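Please model the entire structure based on the sequences and the hints provided.
Protein chains: 2
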Amino acid sequence: MPDKVILAVDALGGDHAPAVVLEGVAAALAEDEGLELIVCGPADIVEPFAAGRARCSARPTTEFIDMGEHPAEAVRRKKDSSIVVGCRLVKEGAAAGFYSAGSTGACLAAATLVMGRVKGLARPALTTVIPSPVRPVVMCDVGANADCKPEYLLQFAQMATVYMREILHVEDPRVALVNIGEEETKGSAFAQEAFALLKAQLPNFAGNAEGGDILAANFDIFVTDGFTGNVCLKTIEGTSKTLFKALKEIFYTNAKTKLGALAIKGGLTGLMERINPDTYGGAPLLGVKGACIVGHGSSSATAIKNGIHTTAEVVRRDLSGLLEKAVSKP
Amino acid sequence: MPDKVILAVDALGGDHAPAVVLEGVAAALAEDEGLELIVCGPADIVEPFAAGRARCSARPTTEFIDMGEHPAEAVRRKKDSSIVVGCRLVKEGAAAGFYSAGSTGACLAAATLVMGRVKGLARPALTTVIPSPVRPVVMCDVGANADCKPEYLLQFAQMATVYMREILHVEDPRVALVNIGEEETKGSAFAQEAFALLKAQLPNFAGNAEGGDILAANFDIFVTDGFTGNVCLKTIEGTSKTLFKALKEIFYTNAKTKLGALAIKGGLTGLMERINPDTYGGAPLLGVKGACIVGHGSSSATAIKNGIHTTAEVVRRDLSGLLEKAVSKP
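Chains A and B are the protein sequences, given in the same order. According to my numbering, the residues represented by the first sequence are 740 to 1069, in order. According to my numbering, the residues represented by the second sequence are 740 to 1069, in order.
Calculated from the structure, these hints are not laboratory results. Please read all numbers here as calculations on a predicted model, not as lab measurements. Take the hints with a grain of salt, since some may be wrong.
Since the list can't tell identical chains apart, any single copy or any two copies may satisfy a pair.
[As the list claims (entries may be wrong)] Mimicking BS3-like on lysine-lysine, the simulated pairs with C-alpha atoms at most 30 Å apart in a straight line are: (1) Lys1004 / Lys818; (2) Lys997 / Lys1068; (3) Lys995 / Lys980; (4) Lys858 / Lys1028; (5) Lys743 / Lys888; (6) Lys818 / Lys1028; (7) Lys1004 / Lys984; (8) Lys830 / Lys858; (9) Lys938 / Lys818; (10) Lys987 / Lys938; (11) Lys858 / Lys1068.
Given below as structure tokens:
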């Protein structure tokens, strides 16, 4: 039996909450016998769900943080929201990690404020697996820190290296800095400083990457500030979505194209699955004490299930402990 | 007959120079009887090409700036390179505009240094048409200014508005700021300052855009610093390229998929044409005195031809004059 892990889950997170969240919770419990889940949300939802269910308990909450609210403010004000309560369960030791597909900003704010950071780390960073058709790559930061110092990026790279090794089992990941040219002298003043620091202090640093290198998987880890990383991530998702929509229109043009589309459907479904972010189920906020994984708002039950599994894996591998050892101390 | 326009063209610009450049020059001359071109490059290439050709002359040069060279340094050192000479022809009034598919950095440096800026403008900006499957959109800056002040972005937006109106005939383009959230309070300190300035001073400002809005064409103009813009542009190009490569592999799986691909080939070719940057032939450096358009290194003869036509159009519409009137004076 896998090691026992207790996690808190936000029943209200995501566009299709609570239904798909509860479906994901049930599926995760069925697949992992070492798992125990505390479901946080309104009593009339979480209590009937947990009643009589093995390794599942309810933690009723009375408040809800909406996607549109100012994250830090909402977290300060709504102390009995499912997000804040979930993070507090980790802080108090009742749970070892927290999973939510709710407001990314609120999860980041709550986890950072409530759980605290691993020792020596300047800023936790939102890290995501980008499912390239070639092979999965990791990008960090994708939105936790819109304004960064070059030193943060060194720590982001060190944390992403540990994550990729422990969770994605890539033994020797190569890190690239997102920039606007390959040469050392390229980019903004910030990018040039970050380059010099990474070159001097990160053994697995492989140089500058351009936007085109990301989905082509020309490196394993793409390190950048949270502004650029978020724009990149959304640009990749949006470009794929727009192109697949245009393809679909071509497929539906007439009887002939519909037949043609049928012939390549199997391969296309395979490609869509390979590049589906649901496979990875969420983005870890690396560097908080404990584990916090944030899922896409549009997460399916499968995405929720996979996100919970990833959270359990992060706890079982003691990622917090490994990150604390990995980051350069200022 | 269209108005007479004299332009300088860099015979050495691009991965397939000089052959495709000269092919593009010949095609442009054939299509536009008002056009006269001065072809800059090694004497043994440009002189035989121009000899006996109507509305075409040769301007022999002895130096060449390579894609790998440090742009500003190369421009200072290589005063007899095709790029510097082309820009000087504009400065001296022998030509009204310059087109090159060579080193973007060198073209930007040479045009800015040699041609000078329109009055009141802080920084010229590299502007590009992104061929979305929905409809073309404009992004500015895509690489001329890696470090920006919020005031620059206001001027970029004003210039891009003029460009879109005059050259792409979009009467009332809506400008969005590239950011990491829709709300006014989102983003880096820089993005928040730029938002406030655009909101206060740009009548056609429509708010924040995220990465996913670009290829979806949810706005007409995407304004950003040159670092973010370049990363976005390369990410879109790279994502498309990687996805089409994966699609091609699916098509070639077996006899059935090959037949299927054949059925949708027409539609797919149409889509590829719509999103082909060659259609637009190059990115104008908006804000220099005169006109400077930089083509993709991989430009085809068609792209070169279209780039020359765009340069002529920019001159005929007196874009420099209109930009000078459009930009807010500090």
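**Study point:** Enumerated hints in conflict with the structure, sorted upward
**Key:** 1, 2, 5, 9 and 10
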